[in-house]
Every structure is written in C-alpha cells, then in structure tokens.
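Per my numbering, residue 7 is the first one in the sequence shown, and the count goes up by one each step.
For the record, the hints were derived by calculation from the structure and aren't laboratory data. Treat the hints with care, as some may be off.
Said to hold, decoys possible - Keeping only pairs whose Cα atoms sit at most 30 Å apart, straight-line, the calculated DSSO-like set for lysine-lysine is:
| hint | residue 1 | residue 2 |
| --- | --- | --- |
| 1 | 372 | 277 |
| 2 | 130 | 232 |
| 3 | 516 | 372 |
| 4 | 402 | 366 |
| 5 | 372 | 426 |
| 6 | 232 | 277 |
| 7 | 402 | 426 |
| 8 | 426 | 366 |
| 9 | 250 | 453 |
| 10 | 399 | 426 |
Unchecked claim - Label-pair ranges, simulated between beta-carbon atoms:
| hint | residue 1 | residue 2 | range |
| --- | --- | --- | --- |
| 11 | 369 | 129 | 52 to 60 Å |
| 12 | 366 | 242 | 29 to 37 Å |
| 13 | 175 | 360 | 36 to 44 Å |
| 14 | 148 | 59 | 25 to 33 Å |
| 15 | 309 | 121 | 22 to 30 Å |
| 16 | 131 | 366 | 55 to 63 Å |
Please read all numbers here as calculations on a predicted model, not as lab measurements. No residue lacks a Cβ here, since even glycine has one placed at the ideal position from N, Cα and C.
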Amino acid sequence: MNRLLLCALPLLVSITSPAQTPAPAADPYRPVYHFTAPKNWINDANGLVYSNGQYNLFYQYNPQSAQPGHLAWGHATSPDLLHWTPQPVALTEYTNPDGSNTMIFSGSAVVDKDNTSGLFPAGKTDGLVAFYTGHQERAGAVVAQHQNLASSQDGGRTWQRYAGNPVLDIGSKEFRDPKVFWYAPQQKWVMATVKADRQQVYFYESKNLKNWSFLSRWGRAGNTVKEWECPDLFELPVPGGGTKWVLLISAGGPVEQFRGQQYFLGQFDGKTFTPDQAYEEPAYLDFGKDYFAAVTFNNVPDGRRLLVGWANDWAYAQAVPTGTEWRGSFAVPRELSLRRTAAGLVLAQQPLAELRRLGKETLSVKSRDLKTGAAGYELPFRGESYDLELTLKPGKANLLTLNLLQSADEKTVLRYDVAKQELTLDRRQSGNVVFHPMFAMSLETAKVPLRDGQLQLRLLVDKSVVEVFAQDGETTLTDLVFPRQHTGRITLTTDGPAQLTSLRLADLSKPLMP
7 MNRLLLCALP
17 LLVSITSPAQ
27 TPAPAADPYR
37 PVYHFTAPKN
47 WINDANGLVY
57 SNGQYNLFYQ
67 YNPQSAQPGH
77 LAWGHATSPD
87 LLHWTPQPVA
97 LTEYTNPDGS
107 NTMIFSGSAV
117 VDKDNTSGLF
127 PAGKTDGLVA
137 FYTGHQERAG
147 AVVAQHQNLA
157 SSQDGGRTWQ
167 RYAGNPVLDI
177 GSKEFRDPKV
187 FWYAPQQKWV
197 MATVKADRQQ
207 VYFYESKNLK
217 NWSFLSRWGR
227 AGNTVKEWEC
237 PDLFELPVPG
247 GGTKWVLLIS
257 AGGPVEQFRG
267 QQYFLGQFDG
277 KTFTPDQAYE
287 EPAYLDFGKD
297 YFAAVTFNNV
307 PDGRRLLVGW
317 ANDWAYAQAV
327 PTGTEWRGSF
337 AVPRELSLRR
347 TAAGLVLAQQ
357 PLAELRRLGK
367 ETLSVKSRDL
377 KTGAAGYELP
387 FRGESYDLEL
397 TLKPGKANLL
407 TLNLLQSADE
417 KTVLRYDVAK
427 QELTLDRRQS
437 GNVVFHPMFA
447 MSLETAKVPL
457 RDGQLQLRLL
467 VDKSVVEVFA
477 QDGETTLTDL
487 VFPRQHTGRI
497 TLTTDGPAQL
507 TSLRLADLSK
517 PLMP
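Work out the full structure, taking the sequences as your base and the hints as a guide.
What follows is the structure in structure tokens.
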C-alpha cells in the first residue's frame, strides 16, 4: 500500500539486537522490543516469509530520511521474531528506458519449493520469489501501478528482477499490494490484489508465478469510506471442526478520519471468496488508531498464522515526534485463531508466544481487594517497557481505571465501563499530543463483554507503543503515545469495591540477547 516515492541506496548494517539498534538514553521513544529500522522511515510490512530457519521481514523503507518518500524494501531477519539482524536494502527504485521511474510498493514473498517458476537451478528448493507493486511515475505524475516479481537464490540477501515484468498489468493507477500464496487443493498459486479506489479485491491464479489469469473479484462491503489496501487471504481451523477463510483488508477505521483494518470470514474455493454474512457493520481487527496494513507470514513451519502490523496512522505519521533519525515501528507479531463467543465466531489475536522468553517476571499478585479512592493501588514497579497481564472482577464498581506511563501530570488511561461493557484507551493526557491536530482527537473505544464476570487484559507497553489485548485477544487496541515525563508509574483505581484476581508483570527494558 503506499502512495509515495522511493529511491534506494545500499544499507549495510551488521548489528544484531532485540527488535532494533539499542536506543541511546537520549532517545526516549524508540521501542525496546518492538521492531524499528536502524534509521529512517518505515511503514508497511512486506514479503513476510520463513525460510531456512529465518523469518524474513521486508518493509517499506526510505533509505534517505525519516520522512516518507523514496520507498524501497528494507530487510531484516530473525530466528525467533524477537531478535532482528538488519540486512541490505532488498528491492530498490529503478529508472525505465522511457525515462519514467518505478518505485517498489507493498507486496509479498513465497518459497518456490518445486521451482514452479523455472527461475532457479534444478534441485533448488529454497528459492524466494517476491511480488511487489511497481508504482510508475513520470515527472511526478503517476503513470501506472502493476504487479512485478523478483527472485532470490540466497535467502533474500540479493534479488534479480524478472525480465518479463510486469507480470500483471490492468492499465490502472490504483492496482496494488499483491499477496501470493499456494492453494494446495488445486496445486496452484493464488494472488489477492486490490483495485483500491473501487474497494474491491481481485483474485488471480498461476501455475508458474509468471503468467496470471483472472479468477474473480469481491468487495464494497464493511468499511468503504477509504480506499482498500493490503489484502491477505488465509485459512484457519474452526473450534470443533472445519475451517474458515479469513480476508484481511486495510481501509477506514472505527473513527472515520483515520485508517484501520477489517476482516471478513467466509469460504474460498480456489476461485471465489464467499463471505458468511453481509458485513454491513465492519469487523475491525484493532480498535486503536495505530494498527494498519497488517499481513501474515508465508511458510511458517509449525502452521501458525503470524501477523505483523504497522504501528502508526497516515493522518499524522509524518509528524510523530521521534526525531530525525528514525520514524515508524511495528506492533509485536500476533498469532491468529478463530474463537467462538456469545457474539459468534471472532478472529482472536495473541502476542507472539516467544515474547515470554524476554525479560524477567518482576511482579506477581495472586489476589488483591481494590478499594475506592483516587490513590487506588500503585504497582511497585516503574518503567516504560513491559508486558503486563491482569484480571479484574468489577464487583460493585462501575468504572475501572488503569493509568499507564504515569507521571505528575501525564498518563495514558485505560478505562472499563462496567454498565456499557466498553473499554476505552485515552491518550489525551499522555504527553506530547500537540505535534499534530489529529493526534489527540476522540477516544478509542470497543465493546468488551465481561467473561465469567471478569475482565482479562494484557498490555504491551514499550516507550511509545501501547498494545492492549482484552479477553485473551478477542479485542485489541493499539495506540502511539509520547510521554514528556518518564516516571513510568502504573496505578489502578475504581469507583467501588472490586478485586484484582491476578497480575503478572515482566520487565522488558533489557531484553535477552540472542
């Protein structure tokens, strides 16, 4: 998904660290365990693929500055999705014979195990093929968007663009974001793309990754306020038996002025996606303002479906106050599953299980009565990078309030309204909220019914990123925050007698090194 320009310069970095280059003391907003590039601008995750013991994370990257523009595919590798080694820039902008230039926009990557493409030597089973949208411009004007491929014989370190590019061109300026996957029942490759301005997904098939034939189109459902981008289609098991296909679409968000991501459940027969319902009301993937363009890994060996999303919003992404060295981060990878609830089948998201390997458990509370009062219960911990899990029983309380990253006059607030069964993430007093007029607009609110009379929360807090997982990931909210003060207090208050039935906190300020 991108509407910006790119030009690439090689970036050779040999640092290995949890998530990114260690943040200097003077850099208060660079996350510790959320991925950021060593420097400069990043947005959408691209080409997520596992191969030869390594997770490959490609991403939209500006090698020239911390502002959007000149986008290339950056690259990092990891054995565990936690400790990342930056690699050279993978795919770069190029000039065409007619003088126009082609930028590398979002896409995907696959392992061509059987060399169906014929692009690799006989017997090679780990060749990578990347698909990207070529965004072609001349004199600053968009000429076309089309789908292209490149191949790599060395695990994604170096790439060769296919001489027959583009492999798919429908003569559009709004045709992008190819997600390619293997459809085993018919022994073929399937590509999901978007005709962005029509809010439609276009499906294509191929036997050799180079020649593509149209299958079907589907769309104009759920949220159609903004263009559709970054499709992803995959199958998940249903509890009790059977499977459902999940279609992810980045589009408008729960708050109209902002972007977000929605999902549709249905069936895919190798040609057509058929949704289970009309989806007049969108099913949102995340109810925060800062989770967008999330896509899943291909070829994960244990069958897990792992999702990576950009933690930012285009409304103010260029202005976030992280300085001139870097701008942009990814949410912690999430494992997806389907779960039956009172409201029906939902897509649940859990933080990557490997995250528990980081840090150390600093605090554990088995049970504690919460008394009414402004002082509330202050956790005996101060910090800005941690993993906090807690379960609350409201009792007679009408409002439960958890204050994060709290200082004298700053706090990021998570509130639960018992009567409305609503969870709200409020960053209006979180610190620097004036760098852009849209940053502090509105509140992030989601319906979160109590389960067995309790509210279960998990919070991933990391300097400038707050991820909230409610009821074991049935609802998520992700927001950026930029505290000016850094006391890092955590307090819990109620307006009536309630109970904290369990609490666990792991300090992640100094993650384990590989």
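Each hint, compared with the structure:
no.	hint	in the structure
1	372 / 277	violated, 52 Å
2	130 / 232	violated, 43 Å
3	516 / 372	holds, 25 Å
4	402 / 366	violated, 34 Å
5	372 / 426	holds, 27 Å
6	232 / 277	holds, 26 Å
7	402 / 426	holds, 14 Å
8	426 / 366	violated, 36 Å
9	250 / 453	holds, 24 Å
10	399 / 426	holds, 15 Å
11	369 / 129: 52 to 60 Å	holds, 54 Å
12	366 / 242: 29 to 37 Å	holds, 33 Å
13	175 / 360: 36 to 44 Å	holds, 40 Å
14	148 / 59: 25 to 33 Å	violated, 40 Å
15	309 / 121: 22 to 30 Å	holds, 23 Å
16	131 / 366: 55 to 63 Å	violated, 40 Å
When each numbered hint is compared with the structure, violations occur for hints 1, 2, 4, 8, 14, 16.
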